[in-house]
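Peer 1: Chains as they are written, first to last, in the numbering used here: chain A, 8 to 325; chain B, 8 to 325.
Warning: the hint list may mix true and false statements.
You can't tell identical chains apart in this list, so a pair holds if it fits in one copy or across any two.
Unchecked claim - Simulated crosslink set (BS3-like; lysine-lysine; CA at most 25 Å straight-line): (1) LYS240 <-> LYS209; (2) LYS109 <-> LYS138; (3) LYS158 <-> LYS137; (4) LYS292 <-> LYS240; (5) LYS138 <-> LYS158; (6) LYS137 <-> LYS109.
If you're looking for bench data, these hints aren't it; they were derived computationally from the structure. Bear in mind the structure is a predicted one, so any value in this text is a computation, not a measurement.
Protein chains: 2
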Amino acid sequence: MSRYRLAIDMGGTDIKTGVVDEQFRIIRRHVIPTGPDRPFEVVVADMAQAAKDVAAMCNLTFKDFPCVGVGVPSCINPHSGLLVFANNTNWRNAPLREELRKHIPIPVYIGNDANCAVVGEAMAGAARGKKDVLMITLGTGLGGGLLMNGKLYLGADGMGMEPGHTVLVHDGIECTCGLKGCLESYGSVIALIRQAHEAMEKHPESCLHKDMADNGGKLNGKIIFDCAIAGDKTAQQVVDQFLEYVANGIGSLVNLFRPEVILIGGGICDAGDYLMNPLNAKLPKYVFASDIIGCPPAIRATLGNAAGTIGAACLDCM
Amino acid sequence: MSRYRLAIDMGGTDIKTGVVDEQFRIIRRHVIPTGPDRPFEVVVADMAQAAKDVAAMCNLTFKDFPCVGVGVPSCINPHSGLLVFANNTNWRNAPLREELRKHIPIPVYIGNDANCAVVGEAMAGAARGKKDVLMITLGTGLGGGLLMNGKLYLGADGMGMEPGHTVLVHDGIECTCGLKGCLESYGSVIALIRQAHEAMEKHPESCLHKDMADNGGKLNGKIIFDCAIAGDKTAQQVVDQFLEYVANGIGSLVNLFRPEVILIGGGICDAGDYLMNPLNAKLPKYVFASDIIGCPPAIRATLGNAAGTIGAACLDCM
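For reference, chain A alone in the conformation it holds in the complex:
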């Protein structure tokens, strides 16, 4: 048996598979389209085939690995192996592990994609050597995971945790999940874009208008941060308020979890210090008794998209 690990990282767009070595590096990658509108069994067969294929590219077969780890952007029950609920595919209580095992002759571990990301960062990224880690991913949505004493926190039914769907504003903006006032509705990139659009209506002088037009009329997180960094007052106010929301949401989680460190992932991290410095400056304001008991630092995740693949490959360690 080789000392390599095998991972399937399923997203709404792509199924990424990878072979990970002992140093937790992805030594071979393979990507196929997800085709999320196809029947569950067909997508699962493709996932297994893609894993088999990436192994073959390394002259390996399933039997060369101790197990396969699978990350999916869904509510997962790792105990029963059910994919309980997936927004982007509309699957409900789908027997993911059982279906995968029809094609894969070795043990299969499944996990939520946000949980895989924190596992990846813990094994090979910014959280290496840390035992109590809160990771927040600021992407299209707002996701996250928690390591407690070196182990992934899953809750009684395996469906913890959903930091994006904790409350930030009671009776606030309706979230895509149907709840109201969720952190995700204020602290995700989708929310940032909405906040920028609202500000742009009041500020026709803002550079955001021109930069959006130059981008085919579409705003994104990078444009908003770039305008702010370039000195546009409207963009700066939008980013500042956005970071207040994010800091309040994260501070609230710190009051529960008291992690050693907070990892920030997601595309927005490319803004670097322009994101992390004000976020760290704002955080203590939202942390209970931070002047006495302190506030853990927020740092950037380092693996980017690879975190999900590496984390899935290491799910059996959790």
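Dock chain B against chain A, hints included.
Peer 2: Chain B only, in chain A's frame:
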């Protein structure tokens, strides 16, 4: 060595000590005033003496116990033994365990009072046999604790968790802790009384006015619930809105922790079904995908004030 356990449950008003038997019953109690304005060393000497005294009442000495468990209403670091921060005494980084050990010749375990309560309920109360339990105490403040896989959740520095100081309303009402919009500022008994006073100003016809006058001009949680149960529309609206806040706060915690069960403690529980039925009816509205993944039940804690003593006595099991 006896099979009894020894506990010190320190509050702002009283220091309660107790001897607990193998069935987790308090077989002897002893209560002395805390005198929180006195020097730390003097209060701690009294705590140790009160523990010695309650043991003596059972014809036992310290040497008859494996350890002493101590609950305090403070931020505690159970690893270092420091009482980091106590609101009601103004102590900061006080060496609680070290000071106790000057008087107590056996191991000393220390814990936050809300954490002791969930340990007590897990050992001998409503959470017996459960492994993943969220307890919320609706008292003067709003506190709570979490059992994860049968163990007390403490966070990296031992100072988790503070559910009362998670956010419910971004930039909302200022909390006693200095943060804004904390769940405690909307879901504690103090908050309920504030909400009732606000409603009374608009509703001179409410029975709340008379019942408050009959109580020497002071409102309390029981009066508000009693008026609501008796059919007073204003009191009913106050209670209904209060329970929306509580349900939203707890639902948000469910989205993180996914416990098997939610225990509700605190004096307000005396309202019984009038509290628990609407709370359970409202909860799913605030739980992510509750129609698909379900919502754990909220049930009443059963030990009342004894939970803190029994839990302190069992801290060594956690």
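Peer 1: All hints are to be evaluated individually against the structure, with a verdict given for each.
Peer 2: The hints, checked one at a time:
1. LYS240 <-> LYS209: Within one copy, since 12 Å is at most 25 Å while 43 Å is not.
2. LYS109 <-> LYS138: neither (35 Å within a copy, 33 Å between copies)
3. LYS158 <-> LYS137: both (11 Å within a copy, 20 Å between copies)
4. LYS292 <-> LYS240: within (23 Å within a copy, 39 Å between copies)
5. LYS138 <-> LYS158: both (8 Å within a copy, 16 Å between copies)
6. LYS137 <-> LYS109: neither (37 Å within a copy, 35 Å between copies)
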